[in-house]
Amino acid sequence: MMAVTFTERLRRLGLGVLGILLFFALWQFVTTVQLIPRSLVPPPTKVLEVFFENLLAGKLTDPTLFSLSNVVLGLALAIVVGITLGFVVGLYLRRFDQIVLPFFRICEKLNPFALFPIFIILFGIARLEKVMVVFWVSLWPLLFSTVDGAHGLDRVLLKSALSMGAKRGKLFTKVILPLMLPPLFSGLRLSATLAFFMIIASEMVGANDGLGWLYLVANHAYNLPLMYGIILFITLLAIVINALFSFIERRFHLWKPSVSFD
Amino acid sequence: MITTPAILKAERSVVDGPIERIVIKGVSKSFNTRQNKGRRGAAAQPFLAVRDFSLEVREGEFLSVVGPSGCGKSTLLDLLAGLEAPSGGTIYLDGKPVAGPNQRVGIVLQGYALFPWRTVRKNIEFGLEIKEVEKKERLRISQHYIELVGLGGFEESYPHELSGGMRQRVAIARALAYDPEVLLMDEPFAAVDAQTRETLQEELLSIWERTGKTVVFITHSIDEAIFLSDRIAVMSSSPGSLKSLLEVDLPRPRKTDRSSVRFGQLRHEIWELIQQNGHGQRQLEEQLVIKEAEELLVIRTPVRA
Ligand SMILES: Nc1ncnc2c1ncn2[C@@H]1O[C@H](COP(=O)(O)OP(=O)(O)OP(=O)(O)O)[C@@H](O)[C@H]1O
Ligand SMILES: [Mg+2]
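In the order they appear, the protein sequences are chains F and A. Just so we're aligned, residue 1 is where the first sequence starts under my numbering, counting upward by one. Just so we're aligned, residue 1001 is where the second sequence starts under my numbering, counting upward by one.
Hints in this document: simulated from the structure, not taken from any laboratory. Remember, it's a predicted structure, so these values are computed and weren't measured experimentally. You may find that some hints are simply not true.
What the hints assert, rightly or not - Label-pair restraints from in silico Cβ distances:
| no. | chain 1 | residue 1 | chain 2 | residue 2 | range |
| --- | --- | --- | --- | --- | --- |
| 1 | A | Leu1139 | F | Leu232 | 53 to 59 Å |
| 2 | F | Arg168 | A | Glu1202 | 38 to 44 Å |
| 3 | F | Thr7 | A | Arg1267 | 57 to 63 Å |
| 4 | F | Ile106 | A | Leu1139 | 51 to 57 Å |
| 5 | A | Pro1251 | F | Leu177 | 50 to 56 Å |
| 6 | F | Gly124 | A | Lys1135 | 49 to 55 Å |
| 7 | F | Arg12 | A | Lys1136 | 43 to 49 Å |
What the hints assert, rightly or not - In silico lysine-lysine, DSBU-like type, Cα no more than 35 Å apart, as pairs:
| no. | chain 1 | residue 1 | chain 2 | residue 2 |
| --- | --- | --- | --- | --- |
| 8 | A | Lys1243 | F | Lys159 |
| 9 | F | Lys159 | A | Lys1096 |
| 10 | F | Lys159 | A | Lys1135 |
| 11 | A | Lys1096 | F | Lys170 |
| 12 | A | Lys1136 | F | Lys170 |
| 13 | A | Lys1096 | F | Lys167 |
| 14 | F | Lys174 | A | Lys1135 |
| 15 | A | Lys1131 | F | Lys159 |
| 16 | F | Lys170 | A | Lys1122 |
We treat Cβ as the ideally placed atom computed from N, Cα and C, and that holds for glycine.
Excised from the complex, chain F in its bound form (with noise of 0.2 Å):
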């Protein structure tokens, strides 16, 4: 990555947010001049005025926090037992992990989306079975980065911190934590992102709250516009979880990893 000036990110900044002004416009000059229906969608100004009606009204709070709580819980959890797993299998079981990760690789490639009826027959459809939607689709890349972060770790360098003596617990924290903080992060970043897609998913096919239920009640009423708005807030959300992450991750990094070529 290379260090970008002040400048250089307000101008890149500026030019993003014209794209999306012009995105707008765009929008609400085709549906003014009604080239689409305005019964399939309707104009920018219409859907902002609906949405916040209803996020006034407070009818998004609830639904939200019970999609993002749901979100932190199972991805708390994904991180405890991924890592926790991942460290196991990928620094103290490498004479099993040939046996282990191929089953792991399996569990991975399940689709999502066909076990929601065997999660709600098992979980039922409130918190419990949401947070496990969750903690299965973020267990996976936190479990591999973890495992490729251990499989991964500079040799000469733990040689070397053994040579001063450093034995299992110091070890551990003052050189291969450190060395798998970047593999770590870019594991639950892309949990998060994961997380995030899944719980709205997993709210519209079975589900009495959350911010996917609520879309589904909109769209049960043929409130487009209020559709079109949880959309809109949905991706929202999903560029704030970004971002969260990206900042963390910027905060840990004071290093640069290495390059070695040997």
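Given chain F, put chain A with the ligands in place with the hints provided.
Using the frame of chain F, we list chain A with the ligands on its own:
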């Protein structure tokens, strides 16, 4: 810092004769290498990196190891540091078999092996942190070694912000900082310019003289080996073994000796020894090695499995 005064040591050696700090007894090391012919067909191929190596390193001595690339010098150092276990034979440190890494033995690994997420100071303090030296004392020691290797002003820099030679100096300071009695150095001056190299050589000698540390020093430079060492071990390759052990009978300090007649003779002698490890002989030896390694593996299988 606890140091053994040089005079005390000299007296002791008069009484007892030279004291052996490290005894390497019939050590060999083979690696299981996997040929890259696809996973399935690739049987583990034993590769004998060091064969029947015996050498005694005296207390407080400066011993250099020279030899062609790939002859097993770094492997030997790993064995001495307890970072690898020998496949055969034993290494004794002060009479006790080496069973693993030991803070009394410090090693400057080939390449820099610095922790990229730690600043220069934090890298140098690593061994002290492990030793649980308190913060203030750590700071004092690290500052001392930072200045010693001429890195004042770079305390808070990260390794990726330093030049190759500077990184190498950090690695040296880091090994010195936790004050090991035995210092193993694997081509520590390889990446520095000639001038810095000479300064560091002299610095190292003065540290060695002051502290009485035992030093095992790997280098590709014959001149460097002669300038620094009490004795020079010449290794031959395929498999790595001790070819010859030379006493450097030049008086110290040797600052002005580099162009003396005796220096030239030693240089020539060592050069010849290394050259003898030529190609005609090598192929024959390699076949022998494979046979021996196979035998070794049959005997050693339970250890590895
Ligand atoms: N972990 C390992 N696995 C397999 N083979 C190894 C391993 N380490 C070293 N070897 C082999 O052992 C031999 C000796 O390696 P070593 O690094 O000790 O050589 P060296 O004398 O230090 O060389 P150089 O002067 O280039 O640093 C080489 O042929 C190398 O390929
Ligand atoms: Mg080497």
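Point to revise | Hints the structure fails to honour | key: none
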